[in-house]
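Peer 1: Protein chains in written order, with this note's numbering: chain A, 1 to 350; chain B, 351 to 700; chain C, 701 to 1050.
Derived by calculation from the structure, the hints in this document are not laboratory data.
Be a bit skeptical, because a hint or two may be false.
[Unchecked claim] Label-pair distances were calculated between CB atoms; the ranges are:
{"#": "1", "chain 1": "A", "residue 1": "G294", "chain 2": "C", "residue 2": "T715", "range": "57 to 65 Å"}
{"#": "2", "chain 1": "C", "residue 1": "A742", "chain 2": "A", "residue 2": "E300", "range": "50 to 58 Å"}
{"#": "3", "chain 1": "A", "residue 1": "N43", "chain 2": "C", "residue 2": "T998", "range": "19 to 27 Å"}
{"#": "4", "chain 1": "A", "residue 1": "K127", "chain 2": "B", "residue 2": "P661", "range": "47 to 55 Å"}
{"#": "5", "chain 1": "B", "residue 1": "P661", "chain 2": "C", "residue 2": "M1013", "range": "21 to 29 Å"}
{"#": "6", "chain 1": "B", "residue 1": "Q539", "chain 2": "C", "residue 2": "S980", "range": "22 to 30 Å"}
{"#": "7", "chain 1": "A", "residue 1": "H278", "chain 2": "C", "residue 2": "N1027", "range": "29 to 37 Å"}
{"#": "8", "chain 1": "B", "residue 1": "P661", "chain 2": "A", "residue 2": "N43", "range": "42 to 50 Å"}
{"#": "9", "chain 1": "C", "residue 1": "S1002", "chain 2": "A", "residue 2": "Y51", "range": "30 to 38 Å"}
[As the list claims (entries may be wrong)] One side only, chain C facing chain B, incomplete, derived with CB under 8 Å:
{"#": "10", "residue": "S728"}
{"#": "11", "residue": "N948"}
{"#": "12", "residue": "L1035"}
[As the list claims (entries may be wrong)] Covered stretches of chain B, as calculated for chain A (at least 3 residues, CB under 8 Å):
{"#": "13", "segment": "356-366"}
{"#": "14", "segment": "416-428"}
{"#": "15", "segment": "455-467"}
{"#": "16", "segment": "480-490"}
{"#": "17", "segment": "504-513"}
{"#": "18", "segment": "518-526"}
{"#": "19", "segment": "561-570"}
All residues carry an ideal CB built from backbone N, CA and C; glycine is no exception.
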Amino acid sequence: MQLKALQIAQLIKGTVDGDPNVLISAPSKIDETYPQTITFFANPKFEEHLYQTQAAAIIIPKDFEPKAPITATLIRVEDVYSAVAFLFDHFSRKAMPEMTISPQSVIHPDANIGKEIGVGHFSVIEKNATIGNQTAIGTNVYIGEGVKIGKNVLIYSGVKIYHSCEIGDNCIIHANAVIGSDGFGFAPQEDGTYKKIHQLGIVIVEDDVEIGANTTIDRGTMGPTVIKKGVKLDNLIQIAHNVEVGENTVIAAQSGIAGSAKLGKNIRIGGQVAIVGHISIADGTQFQGKTGVGSSITKENSAWWGIPAIPYMEYMRAYIKFKDLPNIESRLRLLEKKLEEANNNPEPKI
Amino acid sequence: MQLKALQIAQLIKGTVDGDPNVLISAPSKIDETYPQTITFFANPKFEEHLYQTQAAAIIIPKDFEPKAPITATLIRVEDVYSAVAFLFDHFSRKAMPEMTISPQSVIHPDANIGKEIGVGHFSVIEKNATIGNQTAIGTNVYIGEGVKIGKNVLIYSGVKIYHSCEIGDNCIIHANAVIGSDGFGFAPQEDGTYKKIHQLGIVIVEDDVEIGANTTIDRGTMGPTVIKKGVKLDNLIQIAHNVEVGENTVIAAQSGIAGSAKLGKNIRIGGQVAIVGHISIADGTQFQGKTGVGSSITKENSAWWGIPAIPYMEYMRAYIKFKDLPNIESRLRLLEKKLEEANNNPEPKI
Amino acid sequence: MQLKALQIAQLIKGTVDGDPNVLISAPSKIDETYPQTITFFANPKFEEHLYQTQAAAIIIPKDFEPKAPITATLIRVEDVYSAVAFLFDHFSRKAMPEMTISPQSVIHPDANIGKEIGVGHFSVIEKNATIGNQTAIGTNVYIGEGVKIGKNVLIYSGVKIYHSCEIGDNCIIHANAVIGSDGFGFAPQEDGTYKKIHQLGIVIVEDDVEIGANTTIDRGTMGPTVIKKGVKLDNLIQIAHNVEVGENTVIAAQSGIAGSAKLGKNIRIGGQVAIVGHISIADGTQFQGKTGVGSSITKENSAWWGIPAIPYMEYMRAYIKFKDLPNIESRLRLLEKKLEEANNNPEPKI
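Starting from the given sequences, assemble the full structure and let the hints guide the process.
Peer 2: Here it is, written out as structure tokens:
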């Protein structure tokens, strides 16, 4: 698929600055451009690349003023990132094969199957499961008894969804993710063994959620584990039983949320963060990667770091002194020595 | 299934305080109750909920004295958590479909298959594998050559068990877990490349072990990796080659144990803990989440935190001062300045 | 399979010291030996085991001088670890069943299939995929449209490779790993929601790479995510979009590399390390387990620890003082008090 710069400008509501007829066949990165590609510029630290680019066109902020001539056609837009996201839709290819139901899948006769759906080879849909229209299911997928899946959902190969869980519309679930596995609940016995507490709840994933590869979301012990509308979960994340993740919260890879924690809306969580159970986190909170969150956070839009978490700037300032601790302790020892000498020899120096 | 409060009391050996005939159809959480449910109270911080509950009945410690009237029927027991675990068995539904062997599975003619077992669609059981009685195997499971699986084991969809590994009785293995993958062993070569060291050992999982979704347990390099009786592993855990995890040890999600580490009995490990290889950990040790354990621990029943791990209380006390480091350093600078001035102007103040 | 000590010595180019005719049937560990096994000695801390071993033979450094009599036959070699790696090849058994194409797999007629390949039951190979000679594919594997896989590759059960990705020769990919899932890219919208940025790149895995169980490697947003020749990745690792991992770099379990980070050659990364996006790491860098790397590292062959990473020895020295912080602060308080008293009572002591 080839498009002219002008056609792209119309798609992303931009204005053309340069030749509107250059042909574009793919996107490229600002620091690794190729001929016949369109790239984008938003981060000032890449400015030098603008003046040497091989790209045919560049998406650029509306009011940007180049410091040197640029050979590429410029397409000026209000918000570069949104324009790029929109544009990618046009260059994107279908990740899933065509929408058919494989004769080598097993769909229970009592499952409720929507229209225009796809089911890959060697996948299983159990009794009373519901699959919405235009939903695509990859190969080797398991959809348990009574599971409800909405419309226009993309479920990649190897995903396993345990019985009774619910997935909303327009969700994407990546390969080998597991939804609805048992929460980690055991009652300690007097002899040191643990008795399993049966996990009777479900998982509810609302609309527009994306779940990464090999991520695990446990069912509630009682009641649901809830992933609210618009949440984005990266790969290898652990969501424990009865957790609630608020709308449009974004969690990076390998983070874990322990049982019954309640996360608000629009939270941003870096990679490898851990949040303990039974606490609540205010809307708009930000956690730097590797933070360990040990207690509830009530102040909205605050940023945190450390194990346990303290305000981000406080951690930064303390860590600078931490690095200097051997020196700080030496200075203290010197003072101790001076004071000791002063006491032993109290005569004023001359 | 509905039960009267009195019937439940008899099941969990409790005494009834209130109407013994109220009907119960499901459990609910103390802070989120619904009519016709039974809830439980053990954590004093939830006491206020007792006096406003919609639940029909509450399981409560034997000697608890309410500070206000409670409308629900109380069932008084010795140990609330054990009573709840027991009760959940009764409300629990079967996680696996009925026990049949799918005609769309492949079972090698030389596999030894027990009685009353289930094998899901698109699962494979290789040559010389042994499956005990009443064991249920989900869909898309792989049971390698010579694998031995005990009685009454539950293996969820997508689990992969490499050749020659052994699983005891009454184990539960959650979806997409991998058992018996190669240990991470390579011999560095002079040219900077690594030569693979073939992994000749196996994995032995003893009785009553639960293994979480997407958890990985590597086979031994030589000899076995051993998960002893009663161990509970959460999701996304890494157990490396030749590790030994002692009886009734419990490990939370995303923790990793490096090669040849030996863990004792009744250890409790929080989430995202890392334990280095070739060390041993005493019985009853506790690690706070995110701890990095760098050397052996010989003292039983001690608690640890930090990277590297130090005694839990020591870490807590040090971290309080860490947060205050910028202030501590300022105080030090002030003293230095005062002493400097005192030396420059040695006359005693008046 | 049984071999004489002399035959083994010839295989690994060693010299025999003792009975060349003892029979060997398996390897064993130096601290857990059995009769008729061969063990190896390289780490001086295990020297005591040499003098009590039950093993029939020991691979030992060329110039090692025992301090006491050893009953086993010694095989002296230049490099013990390389000898062991080589030897293991001989004792190793085939991890995969024989190389046939299961009639219960689905291979698209337009896939390009090499000679002497194996494809397990319930695996799918999509249109235009290429599979090299002698490559073995386990059960329940998904090979997406246009994927290219080289020669002599071992792909274990449950691996999912999304469309258009490329795998080199002699690679090993362990069970349930996912290659080519979408990068975690979203454009924030004004209303707080996120718009998915389609991920148009691929993953390129070069020759001689090993990838652990349940590890995830995301496709590039544009352009490829690249895993270079000889890289070894342990289990449960996250490699984000457009990351580049240099030749012979080794990464331990549960580490995560964020988007567009560029890692050099011969880097060694411990477990649970996190590296932020858009930075570059010099050749030969070493990260201690649990390090959080927040900025580029330009100095080659340096070692790092801490969150954020600082030079390894600097972290060690600072952490020793960190543990002592309550005491350091007490010493400071004492000095403050002394100086306060000196100022209040300026008379010199007698």
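Peer 1: So the hint says 30 to 38 Å: do the beta-carbon atoms of C/S1002 and A/Y51 match that?
Peer 2: holds, 34 Å
Peer 1: At least three residues with a C-beta closer than 8 Å to a C-beta of chain A: is that true for the segment 455-467 of chain B?
Peer 2: Answer violated; 0 residues pass the 8 Å Cβ test.
Peer 1: Quick one, is the C/L1035 hint okay against chain B at 8 Å, beta carbons?
Peer 2: holds, 6 Å
Peer 1: Using the C-beta atoms of B/P661 and C/M1013, is the stated range 21 to 29 Å upheld?
Peer 2: Since B/P661 and C/M1013 have Cβ atoms about 24 Å apart, the given range 21 to 29 Å holds.
Peer 1: For the restraint on C/S728, tell me whether the closest CB of chain B is nearer than 8 Å.
Peer 2: Result: holds, 6 Å to nearest chain B Cβ.
Peer 1: Closer than 8 Å, Cβ to Cβ, for at least three residues: run that test on the segment 356-366 of chain B against chain A and report holds or violated.
Peer 2: violated (count 0)
Peer 1: Can the segment 561-570 of chain B be counted as covered by chain A under the rule of three residues or more with Cβ-Cβ separation shorter than 8 Å?
Peer 2: Answer holds; 3 residues pass the 8 Å Cβ test.
Peer 1: Under a C-beta cut-off of less than 8 Å, do 3 or more residues of the segment 504-513 of chain B approach chain A closely enough to confirm the stated coverage?
Peer 2: holds (count 3)
Peer 1: Tell me if the beta carbons of A/G294 and C/T715 are separated by a distance inside 57 to 65 Å.
Peer 2: holds, 59 Å
Peer 1: For the hint 19 to 27 Å, verify it against the beta carbon of A/N43 and that of C/T998.
Peer 2: Given about 20 Å between the Cβ atoms, the range holds.
Peer 1: Can you tell me if the segment 480-490 of chain B counts as covered by chain A, using C-beta to C-beta distances under 8 Å and a minimum of three residues?
Peer 2: holds (count 3)
Peer 1: Are there three or more residues in the segment 416-428 of chain B whose C-beta lies within less than 8 Å of some C-beta in chain A?
Peer 2: violated (count 0)
Consistency note: the structure conflicts with the earlier hints numbered 13, 14 and 15.
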